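Enquirer: Line by line, the protein sequences give chains B and G.
Under the numbering used here, the letters of the first sequence match residues 1 to 325, in that order.
Under the numbering used here, the letters of the second sequence match residues 1 to 202, in that order.
Derived from the structure by calculation, the hints contain no laboratory data.
Among the hints, erroneous ones may be present.
Taking beta-carbon pairs under 7 Å as the criterion, some of the chain B residues facing chain G (in silico) [to be verified]:
1. M299
2. P320
3. T323
4. K325
Pairwise CB distance ranges (calculated) [as the list claims (entries may be wrong)]:
5. K58(B) <-> V107(G): 49 to 59 Å
6. D165(B) <-> L103(G): 25 to 35 Å
7. I115(G) <-> K268(B): 42 to 52 Å
8. S93(B) <-> L101(G): 43 to 53 Å
9. V107(G) <-> E322(B): 37 to 47 Å
Anything over 10 Å on all C-beta distances counts as not near chain B; from chain G, calculated [to be verified]:
10. A3
11. G61
12. I115
13. F118
14. F195
On a predicted model such as this, the values are computed, not experimentally measured, just so you know.
The beta carbon of each residue, even a glycine, is placed where N, CA and C say it ideally should be.
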Amino acid sequence: MKKYIHIAVFIAVLSLALPGTAQEKTSGSNSRNQPGFWETVNNFFLPHPEHREILLEKQTLYFLVTVEKGENGWHHLVFNPNHGSQGIWNPESPDELLSNYCKYTTLFLQNTDQYPRRVLFVGLGAGIMPRFIRKHFPATIIDVIEIDGEIPGIAEQYFGFKKDDKTNITIGDGRDFINRNKVKYDIIFIDAYHAENIPFQLTTEEFYRKIRAALTPGGLMTANVANLGKPKFIASELKTVQSIFPDLAVFVCPGQTNYMLFAPVNRKFDSATVKPKCAELEKTSNPELDFKAMLDTGMKEEEIKTMTGGAMILKDEFAPVETMK
Amino acid sequence: MPATNKHILYAIAFLMGFTLMSYEILGVRVLSPYYGSSIYVWGAIISIFLAGLAVGYEYGGKIADKTADLNVLRRIIISPALLITTFPVYGQRLSKSIYELELDSRVSVLLLSMILFFIPCVFIGAVIPILVKIRATDSQRIGSAAGDVYAMSTAGSIAGTLFTSFFLISWLSIPKCFLLLGLVLIACWLLCVIFQFRRSKE
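Chain B on its own, in the form it takes in the complex (with noise of 0.2 Å):
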């Protein structure tokens, strides 16, 4: 029996001690010059395609969030390694909007005619977009609700986002922070999916009815969500969201990794023409913007009908959304 023990020992001692060594090289030093023999069995497995700086590495309540340098000097925000990034910015040129996800988002503006006076944001990320809003929007009122109270600091420090008195952020659950929610919002944009964790309360029926009642008549909602290779999910969040927003209208970014879905109350939305606003900011802050483009990707009536054919609509009390695949 002694034997036994110490071969255990020897093996537990062994596992503690080879992680260990795969830490050192990451945390050391900033820079990853000399792959360490972890690295090096990793990029064997794993395509690497660029050498990244890590700026910061720190375990949160809810994610291990790092912060890497690309080689061109990109900043990239990820949540859990190996799962893409969360957002992404341009030190050189803070305006520019890099994700497809991103640039997709800005397609909100040919749903809005008025000045938009209040938005919500469920889910913080790098705060590119809020950051987008108060440049293009200086006088509107900002709300975000975030899960990970480190994740506005982060934000700040490394995403070009500013929080100044016209923003509010409160840490907490979107749920909960909706279902308490007594204020109007022209645009409520939802970005709370991330990799392999999709919080079912996000995904509902009821959450969408709450969603409804907090926009104003010609409001609208869009909602990010990623492809996480779960295709009846992503049915089923179409007709689940369909089913309180008839209007919906749906885009697919390049490669189908994510859908963008937009929500109007009371309208169509209209991705027919460009409207005069999306042109010029096509023309003057971003260049890489394409309005008609993204309009092109939207999915037709016939199209997001086949999909949802076989689609359950998601329920508190019945949204298996962690087995839907």
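Go by the hints and put chain G onto chain B.
Expert: Just chain G, lined up with the frame of chain B:
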């Protein structure tokens, strides 16, 4: 008195552990539409479950010292069985009324978990020392009696956690899950009734 079939005792321990953890996972699912699924919700539910168990162990031990047989077990098990089976009837309403008091989220979620989950956990906890007492009296080996009962109940907890989170939640709606759990406890109750009846005939 003839000895109580030890497999029955272990089966009850297993099913109790199963129900407890399954109930806990479902509990999070019930509260999330109100409070979200932040770390506070998990923290509140886990601590209330543990508090209920602690009180249950204490009282169960006292009861076991007086009488420990299938009759006592049966009477203890029926309460959580009924509470969990009927959960869909009162769960939503209570959650809604506590939530609408608009207390601080953390206070509110603790209070609601206390109201919804504490009492069933007390009863489930109370079963364990009684099972230990019955088994120890029969076998005269207190150490292994306690060890076996705990091992079986913890094995049940593991099964309940995995089965509920991996499968049950994706198969059935939450009210049906509660109904199923209630039926598991009613099955425990029936086990007690049947084997008590058999023993008294012997």
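Enquirer: Work down the list of hints and note, for each, if the structure agrees.
Expert: Results for each hint:
1. With a least beta-carbon distance of about 27 Å to chain G, the hint placing M299(B) at the interface is violated under the 7 Å criterion.
2. Hint status for P320(B): holds, given a least beta-carbon distance of 4 Å to chain G, under 7 Å.
3. Interface hint at T323(B): satisfied, since its Cβ lies 4 Å from the closest Cβ of chain G, which is below the 7 Å cut-off.
4. Checking K325(B) against chain G: minimum C-beta separation of about 10 Å lies over 7 Å; hint violated.
5. Checked against the hint of 49 to 59 Å, the pair K58(B) and V107(G) fails, with Cβ atoms roughly 29 Å apart.
6. Range check, D165(B) to L103(G): about 28 Å between beta-carbon atoms, so the 25 to 35 Å window is met.
7. The hint said 42 to 52 Å for the Cβ distance between I115(G) and K268(B), and at roughly 46 Å that hint holds.
8. Distance hint for S93(B) and L101(G): a CB-CB separation of about 49 Å, consistent with the stated range 43 to 53 Å.
9. The hinted range of 37 to 47 Å is not satisfied by V107(G) and E322(B), whose Cβ atoms lie roughly 29 Å apart.
10. For A3(G), the shortest C-beta to C-beta distance to chain B comes to about 31 Å, beyond the 10 Å cut-off, and the non-interface label holds.
11. Here G61(G) stays apart from chain B, with its beta-carbon at least about 33 Å from theirs, past the 10 Å limit.
12. The beta carbon of I115(G) is kept farther than 10 Å from every beta carbon of chain B, the shortest such distance being approximately 18 Å.
13. No Cβ of chain B comes within 10 Å of the Cβ of F118(G); the nearest lies about 22 Å off, and the non-interface call holds.
14. No beta-carbon of chain B is positioned within 10 Å of the beta-carbon of F195(G); the least distance is around 36 Å.
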